[in-house]
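Protein chains in written order, with the UniProt record's numbering: chain A, 1 to 154; chain B, 1 to 154.
Among the hints, erroneous ones may be present.
If chains are identical, the list can't say which one is meant, so a pair holds when it fits in one copy or spans any two.
As the list claims (entries may be wrong) - Straight-line alpha carbon distances no greater than 27 Å define the calculated DSSO-like cross-link-like pairs of lysine-lysine that follow:
| no. | residue 1 | residue 2 |
| --- | --- | --- |
| 1 | K124 | K46 |
| 2 | K148 | K127 |
| 3 | K124 | K52 |
| 4 | K12 | K82 |
| 5 | K82 | K124 |
| 6 | K52 | K88 |
| 7 | K127 | K46 |
| 8 | K12 | K46 |
| 9 | K46 | K8 |
| 10 | K148 | K93 |
Hints were generated in silico from the structure; no laboratory data involved. Keep in mind the model is a prediction, meaning the values are calculated, not measured.
There are 2 protein chains.
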Amino acid sequence: MAKEIERKFLIKGEAWRALAEGTMYRQGYLNSAKERTVRVRTVGDKAFLTIKGITVGATRAEYEYEIPFADCNALLDDLAEKPLIEKKRYKIKQGEFTWEIDEFFGDNQGLIVAEIELTSEDQKFDKPDWIGDEVTGDPRYFNSNLIKHPFTRW
Amino acid sequence: MAKEIERKFLIKGEAWRALAEGTMYRQGYLNSAKERTVRVRTVGDKAFLTIKGITVGATRAEYEYEIPFADCNALLDDLAEKPLIEKKRYKIKQGEFTWEIDEFFGDNQGLIVAEIELTSEDQKFDKPDWIGDEVTGDPRYFNSNLIKHPFTRW
């Protein structure tokens, strides 16, 4: 079990694309209720099941377990809520921090967001030029909500 | 992934108690929707997360993963739907089959059911004297429903 503190931002321009290769993610929810989110996803050639509790401030309980890749694909195809989320994730190291940029496809095509993980809610960090407006508290950008109300229908 | 075929019966009398020691189970659901049931439970000193799909006939897709015992207790206490199910399970071998008897506590105190796992839906088996009426198809006895409508309130 670990606590995660994340802040989320929109992206400006294309300069970030030169800084990282991306990895494909394919994911779906076995429960998208915020009290007990259960997510399954493939990350490149690995697969994980992740359970998250309710968010208190910017802090959320998280439990993650690696599962067999073939199981995960069957769970995504047969059991998970639809539509699935498909995205390419780019990790860009800037000083002591790593920005994670998600470029969405499918029903969320056109959406690109950047996340940074912090060790406390008030920790200071530098914003690269390609970081835009903060959307941390905006529920439209929660992964679970991008299934129910995808970006192309906003 | 494995398919399971189970038949469930009520119990008659107390003769079965002399045939096995029991093991305590404590379990709850992260999703009790029948399309994608997600269960966490402790079995003695071990812990498991189990995902099941929708039942077709007496057959159901099942995926089970062992997880850390401390994680499971935190998931049960903090995240799982309430009330939890607490029961003692007795395994009684009879010829080639093993009967699993569940004696429930808490809100389901007084309920005792026996299950047998088969390799095909029409496989033959002997019924011990202490096996009563079959309740395989009765949704009241599904573990997920024993949370929403516990035995003591029937």
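Going down the list of hints, with the structure as the test:
1. K124 with K46: Classified as neither; 33 Å inside a copy, 42 Å across copies.
2. K148 with K127: neither (30 Å within a copy, 49 Å between copies)
3. K124 with K52: within (25 Å within a copy, 44 Å between copies)
4. K12 with K82: Close neither inside one copy (30 Å) nor across copies (45 Å); limit 27 Å.
5. K82 with K124: Classified as neither: same-chain Cα gap 38 Å, cross-chain 40 Å, threshold 27 Å.
6. K52 with K88: Within one copy only: 22 Å inside, 29 Å across.
7. K127 with K46: neither (31 Å within a copy, 45 Å between copies)
8. K12 with K46: Neither: 30 Å inside a chain and 49 Å across chains, both beyond 27 Å.
9. K46 with K8: Within one copy only: 25 Å inside, 37 Å across.
10. K148 with K93: neither (32 Å within a copy, 48 Å between copies)
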